[in-house]
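Engineer: Letter by letter, the chains look like this.
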Amino acid sequence: MSFADFLSLGPLITLCAAAVVAMLLVAAWRNHRIVYSFSLIAFGMAMAAVIPAIKYIPHPVPPLLVIDEFSLFNSGLILVSGFIILLLSFNYFEEREERKEEYYILLLLATIGALVLVVSRHFMSLFLGLEILSISLYGLIAYLRARERSDEAGIKYLMLAALSSAFLLFGMALVYAFTGHMDFPGIGAALREAGYLPVSVMAGFGLMLIGVGFKLGIVPFHMWAPDIYEGAPLPVAAFIATVSKGAMLVLLIRFYQDIHGNDYPMLWWIVAIIAVASMFAGNWLALTQQNIKRILAYSSIAHMGYILVAFLSGVQTGLEALAFYLVAYFITSIGAFGVVIVMSSSLQDAETIADYRGLFWRYPWVATVFTAMLLSLAGIPLTAGFIGKFYVVLAGVDGHQWFLLFMLVINSVIGLYYYIRLVAAMFAVPAKGQQTTVVPALPMAGNITLGILTILLIGLGVYPTAMMALIQQMMRILV
Amino acid sequence: MFPALIPLIPFISALLLMAGWKRFSRIGVTVTGCGSIGLAAVIAIIIAMQFSANGEQAIVQHAGNWLEAGGFKTGFDFRMDALSVVFVLVITIVGFLIHVYASGYMHDEPDYARFFACMNLFVGAMLTLVMADNLLLLYLGWEGVGLCSYLLIGFWYKDPANGYAARKAFIVTRVGDTAMAIALFMLFQYTGTLSIPGILENSTHVWSVNDGMITVIALLLLGGAVGKSAQLPLQIWLPDAMAGPTPVSALIHAATMVTAGVYLIARTHTLFELAPAAQTITAVIGAVTLILAGFSALVQTDIKRVLAYSTVSQIGYMFLALGCGAWSAAVFHFVTHAFFKALLFMAAGAIIVALHHEQDMFKMGGLKNRLRGVYWVFLIGCASLAAIPFVTAGFYSKDQIIWLSWSAAGGHVGLWLAALLGALLTGMYTFRMFFLVFYGEEKTKVHHQPGNSMMIPLYILAVLSTVAGFIELPHTMGHVTLFSNWLQPVLPAVSVLHESLAMEWTSQALSALLALSGIGLAYAWVVKHPKGMSDFLEMPAIMWLRGYWSRGWDFDELYNVLLVRPFVYLSRINRRDLIDTLYTGLGAFMEWCHNVLARTQSGLLRWYILSVVLGAVAILSVLIWRIYL
Amino acid sequence: MIVHPTTAGMLLAGVLFVLGLISILVRRDIIFMLLSVEIMLNAAGLAFVVASSHWGTADGQVMFIFILAMAAAEVSVGLALILQLYHQLKTLDSDEAAKMNG
Amino acid sequence: MILLVLILVLFGAALLSWVAGVKSHAASRWIALCSLLVNLGIITGIWLEHTHSNSRWWYQFRMDWVPHFGISLHLAMDGLSMLMLALTFFLGALAVLISWKEIQNRVGFFHFNLLFVLCGITGVFLTMDLFLFYFFWEMMLIPMYFLIGIWGHEHREYAANKFFLFTQAGGLLMLLAILGLYFVHKANTNVYTFNYFELLNTPMTPFMERWLMLGFLIAFLVKLPAVPFHTWLPDAHTEAPTAGSVVLAGLLLKTGAYGILRFVLPLFPIAAADIAPVAMLLGVAGILYGGMLAYAQTDLKRLIAYTSVSHMGFVLLGAFAFNEIAYQGVVMQMITHGISTGALFIIAGALYERIHTRNLRQMGGLWLRLPMMGSAAMIFVMASLGLPGLGNFVAEFLVLLGSWQASHVFTILATIGLVVATAYSLRIMQKVFFGPCDRQYAMPDLNGRELVIIIALVIVICWLGFHPQPVLNTSQNIDYVIR
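Residue numbers (our numbering), protein chains in the order written: chain A, 1 to 479; chain B, 1 to 629; chain C, 1 to 102; chain D, 1 to 483.
Mixed in with the good hints there might be a few duds.
As the list claims (entries may be wrong) - Okay, the calculated beta carbon distance ranges per label pair:
1) 587(B) <-> 409(D): 51 to 57 Å
2) 581(B) <-> 205(D): 37 to 43 Å
3) 581(B) <-> 347(A): 43 to 49 Å
4) 430(A) <-> 565(B): 31 to 37 Å
5) 569(B) <-> 467(D): 39 to 45 Å
6) 430(A) <-> 56(D): 41 to 47 Å
7) 572(B) <-> 467(D): 26 to 32 Å
8) 581(B) <-> 101(D): 35 to 41 Å
9) 205(D) <-> 410(A): 24 to 30 Å
10) 67(D) <-> 443(A): 40 to 46 Å
11) 86(C) <-> 621(B): 34 to 40 Å
12) 579(B) <-> 277(D): 17 to 23 Å
13) 153(D) <-> 617(B): 52 to 58 Å
For the record, the hints were derived by calculation from the structure and aren't laboratory data. This one's a predicted model, so the numbers in the text were calculated from it and none came from an experiment. All C-beta atoms in this analysis are idealised placements derived from N, C-alpha and C, irrespective of residue type, glycine included.
Given these sequences and hints, build the entire structure.
Structural biologist: As structure tokens, this is what we get:
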């Protein structure tokens, strides 16, 4: 392993080491605050480790991994997201009775899995990353084991994830059986050589899509999402909504590019149908839903559909749009979950709309943040979500995907309804007498985190140029 | 002197009264209200004299630009020529008298200032109408008149019936206005201007006689005219307009509003001359209206409604004259009609007040000795209306129309017969009213005598109703043509086809005879044989006919069935907006989709697994299907 | 009919996979469902081994070892969760674990 | 630069009045009022300076924003923008004034939203960058949503949602069209830009032009609103607080009309000409259908709301008549409708404050108690039915005069709309102020503040009626698309 390899894999190595140390630490000295601080430092170091890696890009680590702008950017994104989720976790778990320390180990591991996914270019590393991520998530989802719903969610996730892994594996085996390669460029080359797509490979791709689709939570593999979001601890739900989905999406793009997916219109059609179905299913399911966690789950299904539109546009702008949308979506989702985390008490998560009725008059700051996040999800100007949606539509128009865009427009309107419903609930004027309830102060750390997210959100919404330039640079290598 | 001052003064006074309604004392209001009209009258007289002295050179004053856009340009241009001078004089003088009368009539009214403000506005709008040099300004006056009629008819706003009558007046006349507006668009399109002299001048270049387009335009203008002048088929608003205070009725019927249509047609006579078909239709409308209204007047019980129908009928005469091309005859009848109709209305008002707001003629009677002054002026008015030969103004003006309806170029023997029938009817209904009110037994006590402020205008009008006729005498009686000479620069002389003194004599004799026999019939009917008459009237067929006539030939009902009720019904069933159900339906559909999908989220693990498997099957089968087929 | 050994092996793997799939669909007991998933995973592993032998490379076999390891981890976590769930629900019927829906 | 100042003043004042509102309600109100008056002053100054200028564009301001996409902060002002802005600030100031007593809770936030809407509207009227236009277009929705949703009447949430969904749906279609145009332009010139001036005269296939035009048009028709996209409007107007109704009717609807004049016609002249008969038909349908619905209503504000549908039909009719007279009429109609309908809403609001109902069946005979308000209502009712001498007449007459050149049938139908207008307008007077007075209300007539508002409106509407020339001169310099 050369020094360059070492530096390039810096973030990954840092986190791996941190995970091990954390385990030892917990064994030696059980203290929530200490483990928490240690994890923060670990994330900080991993983020710092991204910077020296920049010098060496693109740096393939054959045959399993590749470090290039794309993976590094997404690694950074995942690390930052993980870091923010970590920030939000402390108070959430502090208030709860279970042992808290292992949570951080699992979170570190899950992040490692996600990082492996973004840098992998080989079935083996893909599988490894995916399973590290999944198995950590089983633990994370069922972490609050005294709660029935947490367990139920854990079991459901485990069963479905294992099932989808089986599909993924079988699909990979089929592809491997025909091409004789497990690294993406090799597969691509072999297929190009063959000049056509034999049925077994086609079936293999189809089965792999199930594995990918499950992680992304797109129709018809979306059904787990609301239950898991509802049952899992809130920071974990935020993690699933962002890091887990994002990493898988990055992998999908890389795979698709490497096997020249645009050459096979059949794949395009299948993904297009899935995209449209996801948009409709997500939005329709959220329409009159009363549970905020489930609304966020459904909305994320729809958002994956939007992202797929950018993915399907088949133009360079599409990938840029996808990356930008992903950034916006990360900020927004974590922000939204952050609000729910901040609002939740030790007794109960604040998950029904009723909990938010008149929030603006009790916690103007939190309500404003939540409003900003929801409007960003809805794609209203001044927020990152607006620029993201704009970018996606731009890409779609560029690729002449008028039908998909039309579906997107219809769905945006449907989606608007439930976002707005939430906003309306927060601004509803409380009935007389209801206002007298004591308003407890909210944790400082949570508020500050939310503040940072909001600033990012508005910043990207008003001045997206810098981020766009960055994304444009990063995407260049994929063409 | 600036002609623009004439309409401006009433406007300013109206504004003052409106703005300062709380600060004015009652006397202040009277002085401002009546004074402004009086002042306008004085200025009008001065300008008329100047005008006359200058050899009838039209005076045009450009009081400012109004609007100019994309080749369309119009301004506040006021014109004084022979025609407008006649109208302005009548409006201001009669208007002034009515105002003076109103100061007595409305003495106990709490909303005194508002009343005078509206009255002044009314006169101002009418003056604008007749002095406008372009059709847009005329339209301003035209609509302004409509507004004021609305305000004044519904003056006693607490009674919903008054409000209904007011709205009816406004809406029905607005229907006519719509036609007129379209005529304006067309005139602008073809002549490129809305200035009246410009249109009249260009029209002869643009169109030839009988051109289809000019016929349409003329008919549309006629539509506007029949709306304002309460002619068939838009006559229905006028009888209901009685809801307003009596001075308002006098103003509407004599000086303002209803004569606007006559003015419009006279003003745009060149267009009508280019469209003989439209002119004929005008004449026919006039003839039919005058007869229908005459029959209706015959069976009314409300004194003001008799007068209202008589106005419709008399304006029918004017339209008849216009249709025959007898322009100056129409205007002449307008002048005399203004005098005697104002007189009749105000006298009727005096009676009504004296009888404690009783309007039913069958509850009056025997007032001859109780209200001596009113009796005499009312008699003069009735005589003039019924056109009693030689001594009344109405005789000379109406007689001219009857004669010309046959002899003029546009005349026809049918029109002439209709006019003669009208003369008979006029005599009958006028004197039926007169006898019912003043003869027979006294049914209601007179509780106070009208004051001077009310009586003096009546005396003046009584004089005018008598002498005004002498400025225009027929060939057969001295052939004085002061009036038509005066109008000569604006309105061309009528072209007479059958110029025969003998015929003219016959016609005059016949009409006079008919009028007198009408009076005789009325006398027999009301005074001599009330018993036999009432037996005759009780016959079922006659009863039905009476009801039919008194309802104005059921035009109201016709419009109700054809237009009003369908509109109200449609708008009522559609109150919730049918189109909205489209969207609420869409929303319901979305909700339905939600419910269906929400059922799939059953929480059952195997259900979720099934979904994954089905997805897998679907993807695979699509792929394989694509490859093998 | 002579079937190519690779094809035969892949078919076998396929049959195994489908068997696992069917059994996960028909079972309600969570433990059996877990077992069925394991069958499917092993079917995939088998396919890798077959493919690997077809190409004469070791990649597929390495993959199989990974699968084994992962299956073991999954089963251990899975059983722990099932135990926890059994504590709460007193049953292993997966249909009982349906508190969250809608 | 001055253009940016106009926007920033409002934006700054919005934030400031929110902050100030926490401590003192009055401060919040005064800040809002002053900022609007300052802007009104600036606009008046600009107008006076340019009364005789023949130059097309008075001010331009350009700054890169997202150069990556060719998006710039590009503002420009011509006569049309100027007139719309004058209306915006005038009505905005009145909206603050009428809320002085009506809005008593969350005052700071109210003024924040109000100013923010106005800020968005100002942006819409000024921007010459299509992206920025869309940005402002969407930006004004949220605060409007809050204005309706927080300070509205009973069904405020439903109304606010409906308003939001409708306008968003239209807006997204417009976004598609904007981007379509962007790429068509790129395909032709290889330049990525959202610049309005560069996008003008982009050559494209008729097919493309039609669809892009429809994208814009539908967004504007929803906002206008034209039948059959109008159903959000009655709900929104009815439920909004008075200031909200005034801003909605007076300004928000105008952005739709403005969009048609500024974007649909110049960008897609051929396709617009093709669709003109349909658009005119919708205009006429709006005039008649809206009038009929207005006649049937029993809720005063709802009635007035439907009159807006009717009046904006004239805008649509005139805009697609393709001649200058009609365009001038459209611009006039935009202004006069803002004034007259705004005034009617203000009166309805003042009535609501006094008798706490909007139901016409519970009113009647109020003239007795409220003669001044009645007179004011009479003036604006007359304006609404198009009485000559008041601004609306000039507007409607010019529109009809112009549209007559384009289509006789539609013009005749629209003119019939004037009769319908008479019917519903007079119904207002009859049901509210005339008729018997069943109940003994003891209430004050207009107070000083209300009197100031009403008098200002009356002066403007009469001024526009008798001397509309300054407005017409100003709106003359626009490059209308004449067929």
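Engineer: Hint says 52 to 58 Å; check whether the CB-CB distance for residue 153(D) and residue 617(B) agrees.
Structural biologist: Given a distance of about 53 Å, which is inside 52 to 58 Å, the answer is holds.
Engineer: Please test the hint of 40 to 46 Å on the beta carbon pair from residue 67(D) and residue 443(A).
Structural biologist: holds (41 Å)
Engineer: For the pair residue 205(D) and residue 410(A), does the Cβ-Cβ distance stay inside 24 to 30 Å?
Structural biologist: The hint (24 to 30 Å, Cβ to Cβ) holds, given that residue 205(D) and residue 410(A) are roughly 26 Å apart.
Engineer: Can you tell me whether the CB distance of residue 587(B) to residue 409(D) sits inside 51 to 57 Å?
Structural biologist: Roughly 35 Å apart at Cβ, these two residues miss the hinted range, so it is violated.
Engineer: Is it true that the C-beta distance of residue 569(B) to residue 467(D) lies inside 39 to 45 Å, as the hint says?
Structural biologist: For residue 569(B) and residue 467(D) the Cβ distance comes to about 43 Å; the hint holds.
Engineer: Can you tell me whether the CB distance of residue 579(B) to residue 277(D) sits inside 17 to 23 Å?
Structural biologist: Cβ of residue 579(B) to Cβ of residue 277(D): about 21 Å, so the range 17 to 23 Å holds.
Engineer: Within 43 to 49 Å: is that where the Cβ-Cβ distance between residue 581(B) and residue 347(A) falls?
Structural biologist: holds (45 Å)
Engineer: Is it true that residue 430(A) and residue 565(B) lie within 31 to 37 Å of each other by Cβ?
Structural biologist: Violated - the Cβ-Cβ distance for residue 430(A) and residue 565(B), about 49 Å, lies outside 31 to 37 Å.
Engineer: Starting from the range 35 to 41 Å, see whether the pair residue 581(B) and residue 101(D) falls in it by beta-carbon distance.
Structural biologist: For residue 101(D) against residue 581(B), whose Cβ atoms are near 38 Å apart, the range 35 to 41 Å holds.
Engineer: Does 34 to 40 Å hold as the CB distance between residue 86(C) and residue 621(B), or does it fail?
Structural biologist: holds (38 Å)
Engineer: Given the hint of 26 to 32 Å, check if residue 572(B) and residue 467(D) actually sit that far apart at their C-beta atoms.
Structural biologist: At 41 Å between Cβs, range violated.
Engineer: Are residue 581(B) and residue 205(D) spaced within 37 to 43 Å by their CB atoms?
Structural biologist: This hint holds: roughly 38 Å between Cβ atoms.
Figure legend: structure checked against the earlier numbered hints; hints not met, in rising order: 1, 4, 6 and 7.
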